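I would like the entire structure built from these sequences, with the hints used as guidance.
4 protein chains.
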Amino acid sequence: MVIILGDHQYGKAESRVVRIYRDGARHDIRDLNVSTALRGPFDAAYLEGDQSNVLPTDTQKNAAFAFAKSHGVGSIEDFGLALARHFVTDVAPVEGARIEIEEYAWQRAVVDGTEHDHTWVRRGQETRTAAVTVDATGEHVIGGFTDLVLLKSTGSEFAGFLKNEYTTLQETHDRVMATSLVAQWRFASNDFSTVDIDWDDTYAGIKRIIVKQFATLQSLALQQTLWHMGKAVLEAYPAITEMRLKAPNKHHFPVDLAPFGLENPGEVFIAADRPYGLIEATITRDDAPDAGEAWRISAGRA
Amino acid sequence: MVIILGDHQYGKAESRVVRIYRDGARHDIRDLNVSTALRGPFDAAYLEGDQSNVLPTDTQKNAAFAFAKSHGVGSIEDFGLALARHFVTDVAPVEGARIEIEEYAWQRAVVDGTEHDHTWVRRGQETRTAAVTVDATGEHVIGGFTDLVLLKSTGSEFAGFLKNEYTTLQETHDRVMATSLVAQWRFASNDFSTVDIDWDDTYAGIKRIIVKQFATLQSLALQQTLWHMGKAVLEAYPAITEMRLKAPNKHHFPVDLAPFGLENPGEVFIAADRPYGLIEATITRDDAPDAGEAWRISAGRA
Amino acid sequence: MVIILGDHQYGKAESRVVRIYRDGARHDIRDLNVSTALRGPFDAAYLEGDQSNVLPTDTQKNAAFAFAKSHGVGSIEDFGLALARHFVTDVAPVEGARIEIEEYAWQRAVVDGTEHDHTWVRRGQETRTAAVTVDATGEHVIGGFTDLVLLKSTGSEFAGFLKNEYTTLQETHDRVMATSLVAQWRFASNDFSTVDIDWDDTYAGIKRIIVKQFATLQSLALQQTLWHMGKAVLEAYPAITEMRLKAPNKHHFPVDLAPFGLENPGEVFIAADRPYGLIEATITRDDAPDAGEAWRISAGRA
Amino acid sequence: MVIILGDHQYGKAESRVVRIYRDGARHDIRDLNVSTALRGPFDAAYLEGDQSNVLPTDTQKNAAFAFAKSHGVGSIEDFGLALARHFVTDVAPVEGARIEIEEYAWQRAVVDGTEHDHTWVRRGQETRTAAVTVDATGEHVIGGFTDLVLLKSTGSEFAGFLKNEYTTLQETHDRVMATSLVAQWRFASNDFSTVDIDWDDTYAGIKRIIVKQFATLQSLALQQTLWHMGKAVLEAYPAITEMRLKAPNKHHFPVDLAPFGLENPGEVFIAADRPYGLIEATITRDDAPDAGEAWRISAGRA
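Sequence lines, in order, name chains A, B, C and D.
Using the numbering used here, read the first sequence as starting at 1011 and increasing by one per residue.
Using the numbering used here, read the second sequence as starting at 1011 and increasing by one per residue.
Using the numbering used here, read the third sequence as starting at 1011 and increasing by one per residue.
Using the numbering used here, read the fourth sequence as starting at 1011 and increasing by one per residue.
Honestly, I wouldn't trust all of these hints.
The list treats identical chains as one, so a pair stands whether inside a single copy or across any two.
To be verified - Straight-line alpha carbon distances no greater than 30 Å define the calculated BS3-like cross-link-like pairs of lysine-lysine that follow: (1) K1260 <-> K1079; (2) K1079 <-> K1173; (3) K1217 <-> K1173; (4) K1079 <-> K1217; (5) K1079 <-> K1241; (6) K1222 <-> K1241; (7) K1217 <-> K1256; (8) K1256 <-> K1222.
Read the hints as simulated data drawn from the structure, not as lab findings.
From a predicted model like this one, the values you see are computed outputs, not experimental measurements.
Shown next, in the form of structure tokens:
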């Protein structure tokens, strides 16, 4: 029996990089949470405590802040690519880099009906995300968001389901459906120096499609809603090859008001915290190129 | 030496009341987190375990949901008043009721450029709050919000401050200023059956004023910004008699990029979590009527 | 109508001060979260942006860290007193100081049955707290803790309560009772240079009493349990003059297993998140000395 | 181009199952957070909204509570196996089940030096975890914990690391090392009906080994500490075939007290929130059996 070191990675998580553009009176802001992880021949650090191949996580953090100035922060996909390429290209032992970024959105403060030049209010809806991996297999870019909270007060059913000895749920043809959606989409290329993607525009378009599907589909199940979201995005964006969706079913239970002599025709609900349903799906093209390690977020592989 | 029971109260915290209006094809939603607390002669429950005067917290919760139907949910100030009056008027031993409400805001989903009839996206900026107290001294209403996150990239200074042996901070005449503002405003009346306030409109107006002051004042200190926020609100709203503001100074430190051969003229910042400054102020009219227990949130009084 | 500045204060919140004692091979640790707030004639900072009386919050933070070395960290009550006295005594315009501290507890790692000299595991039960106020009225010390999570599987009843048209709750003579207790106790003196209190020992003793009362009282209501906790502490500790207790009733509902052909005689429960009952009480001596601003935590007074 | 449904799963997350054993005066408690997910031919639910193969998440929740009574809750690994086997064996279309459980630990309240029969205090250190997968490839069990918070005040170095143009970090041969460790260990078998493992005893032993390695190793890097933790566990437990460790490096920076005329020989630190290092490693046997989907937690595979 031999014990060996398997997959490993290390990096600096959650550097809070805020970039202000102040080229004129009208400033701009991008507000990021940047995590970097490096992969490569770092075995000696584990086995013998030898750091000679180890670029400190503090240095990785410094690079993130320096790049916010030298490269600039446009979209988070672009910033992640720049940082990942730097680690793989410029730091000799590094073989793979994984950059995960969250972006907090700000909207301009409105003063007397006019957008202000240098003041913003945090928007606080969903958090945009990017996950960029660069390694020997090429470049992999995943866009996405977390926690887009959606609710529809009708247009949702759940009936005809499988029943067994533990089933007590009643069927319904009109219920509240709510979720806090997590979405990720993988772009097809593995060399983004040769393709031209408007990352911000793509993001806005995908979000618009997802909201539309949620709103307009007469939903027979959250599963069906997810499928239509993914399918519609892939149909609209040839550059995207795969969607992953994760949707908690945030239950809103009608409250029984009969003991108080009141009817409740779908008007008063209690929003429950836990437990919640959790529905997940991957929607993909049948000819999607190999994902490499695009989806690998940690040291281990599934 | 005698040990006695001092102030006390009890209630049901955080009932998640969601009210849908579905009178036609176009639905409406109000999404609340309701906490109730009762005050009165409940000593026997503490001293002897005698519950004969105790309206269970479960019953208080039921009342909150029932009122969402029977009274309806317009503004949270109005809903809080109705619920507080019910407890004080209809439940014999109750002498005082405190209703605290948070409201989560939703905006209509936009589909193909049109607002959707029955689908919403959680807005996720600040959380609107109300605190209503009804007791023998009358009715007290406090409106407010928590966590309005604001940032300005210039127009903020901090200089000329007191220095002692522990001072290392440098003066600055141009810094990022950011906060996550908590505001509360007390209405002057103690009988709201006789006054006519458009609660929702007042809320929107106050928020607008606060954002404007934050944006346009050349700030010499966060203290000064708070004063001007409060003063401007009181000047605009005669019905409001007192403002309380609580503002964490969410530090954004310029990153030293010199070791990497880069200048940083106010462009790259690290957003720090802790510690943070915390600035608080009350701005009031000199003839403000007595607050009674309007500000008392718990069993104890200051 | 004149608009004026009312109560105000400012300070640095949540400085994470970790103090290691390494006088020999056996180290010690105290791990604090320190918040300071100053009160006094700071009106000009609000009204005119004049900082000449304002000791920066950054300086307050520096003092907290410096005192961790120069004064040392014994108990958090003692550390708070030293820091508060410093601000009031040594910084000319300061009239009052409020120091709030949380302490995170560590226990020594056990290696081969022996406590280790310099390694600890975070204990993670309740968080110990102190709130010290020093001003013209003297010194006020409040000890306490947050989030001591307690549960008993029997020995708790709730019956004989008031009923009205919104009551659906059933009476019970055997239920699970659980809470996440917040307790604060005020010491009677207003000059702690003349009294000798073993703060750490007092803390341990009070916690022991509270746990014992929770466990051994056949509880007719959470209210009654709180009363007995407070009474027992005041009886045991003459130096303490007032207790404040705040107890969420963390509901554990028996699950109806009858549809599955199973009995559930108090064995299977669902732990609910929200809503929860919230019971609060002050237990005090009838001759308790004036609290001054001991309980005032923010700019506003109740 | 064809768009297809890829991997998917659905279930009920975070059912808070509390099981009391009350066979005599001395009760016992197990306090769980149970998440279930099913895998199988559920395509029609996504593609057409056809639920005929879909066992509702509500039913899955009911089964979890029913099993807490009928099967009982011993260790979470055993409970997870029972539940997973039920779904795969008893529910016709289900092909795979994934059960993830967190366990909150309670210790008996001590009253007058004696452990109490039916009262507990939440222990609040690490959270124990289990992840059980049952499918056509057999049974897979992963034990583990999250958030074991450890700190050592000496015996940790970081030097000899790789430097580049972004490196500013100084080398150190004596620093505070702290982490909030996440550990998972995979058992070798794929049929646990034939092996006899004392899950609770194994858990306690692994935690003891991990704490010991953290305490006693003169650490040249957190990487090295992880390796020794994993290696020691695998050496001690032949039944375990693979360890995954994830360790945030919770930075404690020495505070510069020189401006205040004070020395700081490793005594006063500021505990930083973000960013933090994040070190991950898999330690495995070279002949570890295939993991199947043991590590797959979501719809997607890496």
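Against the structure, the hints:
1. K1260 <-> K1079: between (41 Å within a copy, 22 Å between copies)
2. K1079 <-> K1173: between (59 Å within a copy, 21 Å between copies)
3. K1217 <-> K1173: This pair counts as neither: shortest intra-copy Cα distance 35 Å, inter-copy 42 Å.
4. K1079 <-> K1217: Within one copy only: 29 Å inside a chain, 34 Å across chains, cut-off 30 Å.
5. K1079 <-> K1241: Neither: 38 Å inside a copy, 39 Å across copies.
6. K1222 <-> K1241: within (13 Å within a copy, 43 Å between copies)
7. K1217 <-> K1256: within (15 Å within a copy, 33 Å between copies)
8. K1256 <-> K1222: within (17 Å within a copy, 39 Å between copies)
In summary, the structure is inconsistent with hints 3 and 5 from the numbered list given earlier, while agreeing with the others.
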